[in-house]
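There are 6 protein chains.
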Amino acid sequence: MSKNSSPIVALSDMTDGQDADLFALCVSREQLTTRDGKPYFKVAFRDAAREVSFPIWADSPHADACRDEWKPGEFYKIRAIYRDTNYGPQLDIRKIRPVAEADREDGFDPAMCLPSTRFDPEEMFAEMVGFAKDKIGDGALSDLVVDLLEINRAELLTMPAAKVNHHAFAGGLLEHTLSVVRTSDYLADKYDAYYPDLRPRLSKDLVIAGAILHDIGKLRELEQQPQGADYTAPGHLIGHILQGRDMVREAAVGRDLSADTLLRLEHIIVSHQRLPEWGSPKPPMTPEALLVHYADDMDAKYHMMAAVLRDGTSTGPITSQRNPLHQRLYRGEVDE
Amino acid sequence: MSKNSSPIVALSDMTDGQDADLFALCVSREQLTTRDGKPYFKVAFRDAAREVSFPIWADSPHADACRDEWKPGEFYKIRAIYRDTNYGPQLDIRKIRPVAEADREDGFDPAMCLPSTRFDPEEMFAEMVGFAKDKIGDGALSDLVVDLLEINRAELLTMPAAKVNHHAFAGGLLEHTLSVVRTSDYLADKYDAYYPDLRPRLSKDLVIAGAILHDIGKLRELEQQPQGADYTAPGHLIGHILQGRDMVREAAVGRDLSADTLLRLEHIIVSHQRLPEWGSPKPPMTPEALLVHYADDMDAKYHMMAAVLRDGTSTGPITSQRNPLHQRLYRGEVDE
Amino acid sequence: MSKNSSPIVALSDMTDGQDADLFALCVSREQLTTRDGKPYFKVAFRDAAREVSFPIWADSPHADACRDEWKPGEFYKIRAIYRDTNYGPQLDIRKIRPVAEADREDGFDPAMCLPSTRFDPEEMFAEMVGFAKDKIGDGALSDLVVDLLEINRAELLTMPAAKVNHHAFAGGLLEHTLSVVRTSDYLADKYDAYYPDLRPRLSKDLVIAGAILHDIGKLRELEQQPQGADYTAPGHLIGHILQGRDMVREAAVGRDLSADTLLRLEHIIVSHQRLPEWGSPKPPMTPEALLVHYADDMDAKYHMMAAVLRDGTSTGPITSQRNPLHQRLYRGEVDE
Amino acid sequence: MSKNSSPIVALSDMTDGQDADLFALCVSREQLTTRDGKPYFKVAFRDAAREVSFPIWADSPHADACRDEWKPGEFYKIRAIYRDTNYGPQLDIRKIRPVAEADREDGFDPAMCLPSTRFDPEEMFAEMVGFAKDKIGDGALSDLVVDLLEINRAELLTMPAAKVNHHAFAGGLLEHTLSVVRTSDYLADKYDAYYPDLRPRLSKDLVIAGAILHDIGKLRELEQQPQGADYTAPGHLIGHILQGRDMVREAAVGRDLSADTLLRLEHIIVSHQRLPEWGSPKPPMTPEALLVHYADDMDAKYHMMAAVLRDGTSTGPITSQRNPLHQRLYRGEVDE
Amino acid sequence: MSKNSSPIVALSDMTDGQDADLFALCVSREQLTTRDGKPYFKVAFRDAAREVSFPIWADSPHADACRDEWKPGEFYKIRAIYRDTNYGPQLDIRKIRPVAEADREDGFDPAMCLPSTRFDPEEMFAEMVGFAKDKIGDGALSDLVVDLLEINRAELLTMPAAKVNHHAFAGGLLEHTLSVVRTSDYLADKYDAYYPDLRPRLSKDLVIAGAILHDIGKLRELEQQPQGADYTAPGHLIGHILQGRDMVREAAVGRDLSADTLLRLEHIIVSHQRLPEWGSPKPPMTPEALLVHYADDMDAKYHMMAAVLRDGTSTGPITSQRNPLHQRLYRGEVDE
Amino acid sequence: MSKNSSPIVALSDMTDGQDADLFALCVSREQLTTRDGKPYFKVAFRDAAREVSFPIWADSPHADACRDEWKPGEFYKIRAIYRDTNYGPQLDIRKIRPVAEADREDGFDPAMCLPSTRFDPEEMFAEMVGFAKDKIGDGALSDLVVDLLEINRAELLTMPAAKVNHHAFAGGLLEHTLSVVRTSDYLADKYDAYYPDLRPRLSKDLVIAGAILHDIGKLRELEQQPQGADYTAPGHLIGHILQGRDMVREAAVGRDLSADTLLRLEHIIVSHQRLPEWGSPKPPMTPEALLVHYADDMDAKYHMMAAVLRDGTSTGPITSQRNPLHQRLYRGEVDE
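Protein chains in written order, with the working numbering: chain A, 83 to 418; chain B, 83 to 418; chain C, 83 to 418; chain D, 83 to 418; chain E, 83 to 418; chain F, 83 to 418.
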């Protein structure tokens, strides 16, 4: 740590009035004018757990730098006094400069500015590979799934499951997918035992493979940027359902996978959102596709509901309906 | 067994050309006329696993009895030759009379003429009571659920889950409900572990109680008749969702149950079909209601899909769309 | 009246520049900041016919009291100059304190701050009871309806028909219900005369009872607060259609009411909004239910239309579509 | 009456086994073949209250005449034995010939073969004209309505309100329209008294005129044929809502009617079915249009419901849903 | 030009800092207040290709004139300095007065302040008349179309096709209609050649006449005002589809046009938007109506898409979905 | 031709009573029973322009062969008397045997039994290749399209465009596609000229390529069988929109095609049905995709309409609504 510096703390750990050095990501910079015509910039900085937003006025010593140099998506080292005001958390900036390579020695890490999964990505990835290796009996299918995971390992460790809505944080895709796999594992065992006379039998192999790969196309639909995930052009024009099927078809070339198995696996991906208006051109037409659809739909909806109840700012027993579920939820009386 | 009789066999065990005595339920008797004006009756008899349907012509020795005496919903002892014709299974009736009390000595049991669950109703009922006793920590709530089960024990052991569509056989309501309870038990544990910081915590008590009682109103919506379940007048005018909530409210009177717990339990029942057009005036607004909805919806749909694939008469890899799911299913090539 | 006071006037009677004492309800207090960062409070006060909304700046002599003491839902005695500005009606507050018990001597009455029905609630209530007594021939049914009215007399005299949308003022539920009863009375006579051969005959008893009770569940769905009605938790989770049926069922216990009559009455309540997406799990399946549905729907829609045409602020022959009907209305040229 | 004839009776008065002369309308003649290839004709005859349908076999003495001469839409004098069989009412034809002019002396009247309104068309017409004269204060508007009625008097006395669905019998349009006018009369008085401060006031003139003319376009949409009403080509391509407005606009030429009054009247006609998918390009945008819509909609739906309950062939407390309302109705237990 | 004046330039040609005289249309004047209570007016002026919007503060020398005299819809001669600021284009007004008659000598023309079609209205009109004369073989039909065009010539030369959405500029109705006619001309030839055995043959006459007249009712639905088109009262209450048919029916009186031809022409107009919810009470039921529908729908949608891609302010390869098509569009990378 | 034979004629050329030899395809053979229990087979044979359907009774000399040997999908040489009866065209079979290789000498050709396009497939194919070569300037794109056409030449010459609905005959896919290409060619030129300032310019290359390939996936979705086209398993589970995109992506591997061009081409295929419920997961987001969508939609709908008007069996000016468009059409009075 360079001498003379204030202590370096996390933005989200700062308390009212604290004067400190911190690393933060610039997430927005808008040029606005007050209703009476006075120009200013509204800027926002954040780390993984706190976002602050405040004005930079024309007469601020940082006005020129703000206009000409600050860029959303870049990281800054800031010396500032944090204030917890009635108008939300604010920074009174005293010094600011872009992060330099040397700052890593002082603890800077881009990941510290992104909200991310509560779970360990490496452990989740390992568990997912374990499912693919241990619970898919068909060797060719198991290999295909394992290879797809390994090839995309780096992105899977950090990709969100969505731009907004659900699991929109680093590692969110992995967290959501693993949860779907676990539920699918339970359901496959349960329903195979309930209907042992189904012909053909329910394929546990396909349920597990489909659960692992149902959202794999998000790796092509989205791209990660410092501020979070955003849609790629192919993501807009084609969509993750078709792109995920592409990844499976490309990976299947040259493998000893039966045509029927590949077709059924593609169908799970194609149909996993069930309704055309949700993006699936075909509804689930096999028992395996039906189970993966339910495991996925339930996990996304439950996550949204939990997030609204946990993070929502509205108080009182009933929430507003301005949330991803577009309906009110009941929290009841909570004593804390 | 009275002497001189043919051996008594089950209708569903008869083979082409076999001449035997059997017990069967008359399930329909329609007065029709051929396109060229010749009157006849079309009658149908069945036991639990086979239904036969054939004409009784005006010149049949049974014509008068058919017109004047045979009644759908009554049981008959029949001596007949069974024929497996190109036009489906038929009976060439030689003698027929209503079942008499004494026939029970020869093995007659009304239940032998009804399709019924593959599982043991008593065991399922016991498991359900076990859930209510062991997995609902709130004593007042556990007692309410157990009492509702015990009071309706007799009907629960035999009631179908629906008139048509899914689990439409004796014990079907119990089979379906137990399956929903098991899935709900898994999901409650899983999602409580995933979101331990939810306030209030997910209530396993409510999930289990809601799962057990979600369809309890079918005991008032439907009534059992020899031919199967049919809607009661209140079932038509009010519906099982409201009627099930009535049963819970009536049972709650005088118990030491908190108002909030009762309200949340009622809400699970009211919202379990999620959409207004499916009968739920409110969508799931609590995590508990969301889980019970998914466990229920998935079990009904999976059962329909399995039944189509298992029983459907269409051959080839793709089924027709004339089934309760109103869509085609993929069976693929099945070698048997 | 205490000496030295200004004259006490109604807020809604004040004229531009008038300096007077008044009683008013605080209906909102929001902490805001101007776009350039200056904090202030925006407060609103009202009596039955006028609402004023204005800022309290940090340098106001009332700033501390506003922040620490003023509360929405409480009544205040205010000395102020009223100004009718281009920015809406405003109060220049000189003195302000919470209403005290003694103020009632000076004419304070909480009801003076609530918009309310144009009709006399006692007269309306008496007319409604008269319908129940005179036009319901079945004694048990007549008694049930009269008792339900009498038991809920206090709340019925003041409850709005809704939080927003239609008849959202004190006594609005009574005003709306009485209008529905009158129309239903006309329609029952008319259509019974048109179709005298209906079997069973149209039941005037049920039409009147159903009309009186169709919205009775709003007494449980809503609760009155100084600022108006708001939903209760059971109102959100269950809804007035089910709650109204509960009230009827609870009131019916121990009465000599035929099961069929009770069922038909419950059905009128359950089906009165006709469509699932409007809250009715069942559509009207009896002539009585159909008539009550139309009388109700028409009264609500006509009230909305009249309110938009009468109160809407838009000028010109065509209104905007931002109103509870979500469509434009035609006012035409009005010369006044 | 010519000598030697059997007594002439109404088809709908005949009893089982009765041999008589009757007049009947041939309503259909289809050339069919039994499933095993035997050709025959199925013919139907009716009078106002009974329809009989039976086969004419190739070996019938009437086979040639049936094939070559009998025509749907023509009237016949028939000597036949009526039989009330299990296969419905039938005629055993002994003689048959087209009705001749001289048969009118024996009581033949084409109207006797058409179902028709229970009310006296002349009285209904007179009442309608009375409404137009007495309850429309604006002289020009009153004249327009009266003239439109008088010009179309002959057709109005006999036109059905629809090809199928509701009031599909002679005079049905008049019966339905008069009922709508009466309800509209009541509603206009009621709601004008409720909202006397509406600006402009509710126009009773427009409500009455709109109610009388709302369906006037059916005179162009439909044309009467002996078997009932059928759509004209303009009826199919344009529809009665636009055609009714045409009739009003054509009749308004040269009258001293204000442009705003004419516009509001046209709008009532254009919007009276409320929804685009029911044929109205615009929703009711005036209070007058709203009232006429409700009076009309309610009368049509009530008529359908009454017809199903009265005439429906299904027995038991609940009807089937194969009726114009596409839903089940509750009849309950009816003892007769 | 009067001496001493600055040069007169077009507002849309001014550059940053330029001081000049200009003519402009006042398009809005709103009385607002800053969040902290300071009153001001926000005014907007425009010519055909640029709109400027800026505040007039209470202390401005123009404050009184702004409040008392400036009116949206009137034209002004302004001396001002144009500034291209970060807050959009602004005018620093030095002098302003309403346009006077004499200003026409200096080049003032109201049309200079309206966006208008890129094409020459006279040429387009002539081409349209040419279509009507040359490509409609039926003389009576050709005359009717030509007469309708000539009678409405003045309005057609300037009317927009809509208030917003598509072709919302002077001459837009003509531009859109001519494009529809050209496409219809191509399609009629093509499909008549493809299906020469259609009976009756596809009528080129009707396709051309229908294409020319499909939107003619907009001349009654809309009225031109200086700021653009707005709906008339009949436009709101009846709509251009019915009004266009009126114009054709009125013009057809006394002509030697066959009833079937007129009916088919009316039907093209009535059905050209295809869906009830888009305003067409009937769908296209003839080949001619189908072709005109497609030619129209495609032209409107293509124009919207082109306008979004050309004028939309969003940058980057994907547009936002806030546009008349309510969906995102793909622009891709454009290098300019 | 072998001696002693009857003359060989086409089934569709036979006249009532004619006795001849013919070649025909067996298209169905159903085992039925008359309502009174008599078993028989209903068989159908056809050539390209006529289908005959008739019973084979148990006592027919062909009964055994019919049951044991005749197979739908196989061709037969038949000696029979053709009868044009009231019950449709029938064959009185005298001799029948499967077609043998030698029959080709007598003129047998399987194609003679299939309805097929009125146009010459080779000419259409050549014109399509011409479009791909001459109107696609981008060499890599032109090559890709030409290669895809050439590789699939054999199937394209004969594939129908659908199993039912539109262009469901041999060569129908080619006929439909060529028509779409021609219209797209016109529209691309027209709209590029209308909006020359679009950035990027409308790509004629992409419009032509997209039009040619929009339905190419039908080659994988459908498979040809003697009786017509039927869905493959991948067709059911994945669908032609995704499969067509696969074909393009597979063909693009290793070519020098820009990523943006390929993406835009894929998007045209993906979006060409516009709505999710019609199978397109994304709506047209580029001008090129919009034009191809309209050219395609219009051609399919026009073909359906022409087919109903030309082939429909209903007479009179209005058709029934039992046709692929699910609506009535207007034919008017046709004199022939």
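In short, the hints are calculated from the structure, not lab data.
Some clues are possibly wrong.
Copies of the same chain look alike in the list, so a pair counts if it works inside one copy or between any two.
To be verified - Restricting the straight-line Cα-Cα distance to at most 30 Å, the calculated cross-link-like pairs of lysine-lysine (DSSO-like) are:
1. K286 <-> K177
2. K245 <-> K177
3. K383 <-> K364
4. K272 <-> K215
5. K383 <-> K217
6. K364 <-> K153
7. K286 <-> K272
8. K383 <-> K286
9. K272 <-> K245
10. K245 <-> K124
11. K272 <-> K217
12. K124 <-> K364
13. K159 <-> K272
14. K272 <-> K383
15. K159 <-> K364
16. K153 <-> K383
17. K215 <-> K153
18. K215 <-> K124
19. K153 <-> K245
20. K159 <-> K286
21. K124 <-> K217
22. K215 <-> K364
23. K159 <-> K245
24. K245 <-> K364
Tested hints:
no. : hint          : verdict
1   : K286 <-> K177 : neither (59 Å within a copy, 52 Å between copies)
2   : K245 <-> K177 : neither (32 Å within a copy, 52 Å between copies)
3   : K383 <-> K364 : both (21 Å within a copy, 16 Å between copies)
4   : K272 <-> K215 : both (21 Å within a copy, 23 Å between copies)
5   : K383 <-> K217 : both (26 Å within a copy, 25 Å between copies)
6   : K364 <-> K153 : neither (43 Å within a copy, 33 Å between copies)
7   : K286 <-> K272 : both (11 Å within a copy, 20 Å between copies)
8   : K383 <-> K286 : both (24 Å within a copy, 18 Å between copies)
9   : K272 <-> K245 : between (34 Å within a copy, 25 Å between copies)
10  : K245 <-> K124 : within (23 Å within a copy, 35 Å between copies)
11  : K272 <-> K217 : both (15 Å within a copy, 20 Å between copies)
12  : K124 <-> K364 : neither (45 Å within a copy, 35 Å between copies)
13  : K159 <-> K272 : neither (54 Å within a copy, 41 Å between copies)
14  : K272 <-> K383 : both (22 Å within a copy, 15 Å between copies)
15  : K159 <-> K364 : neither (50 Å within a copy, 43 Å between copies)
16  : K153 <-> K383 : neither (35 Å within a copy, 37 Å between copies)
17  : K215 <-> K153 : neither (45 Å within a copy, 48 Å between copies)
18  : K215 <-> K124 : neither (51 Å within a copy, 55 Å between copies)
19  : K153 <-> K245 : within (20 Å within a copy, 40 Å between copies)
20  : K159 <-> K286 : neither (51 Å within a copy, 47 Å between copies)
21  : K124 <-> K217 : neither (52 Å within a copy, 51 Å between copies)
22  : K215 <-> K364 : within (29 Å within a copy, 35 Å between copies)
23  : K159 <-> K245 : within (27 Å within a copy, 51 Å between copies)
24  : K245 <-> K364 : both (24 Å within a copy, 18 Å between copies)
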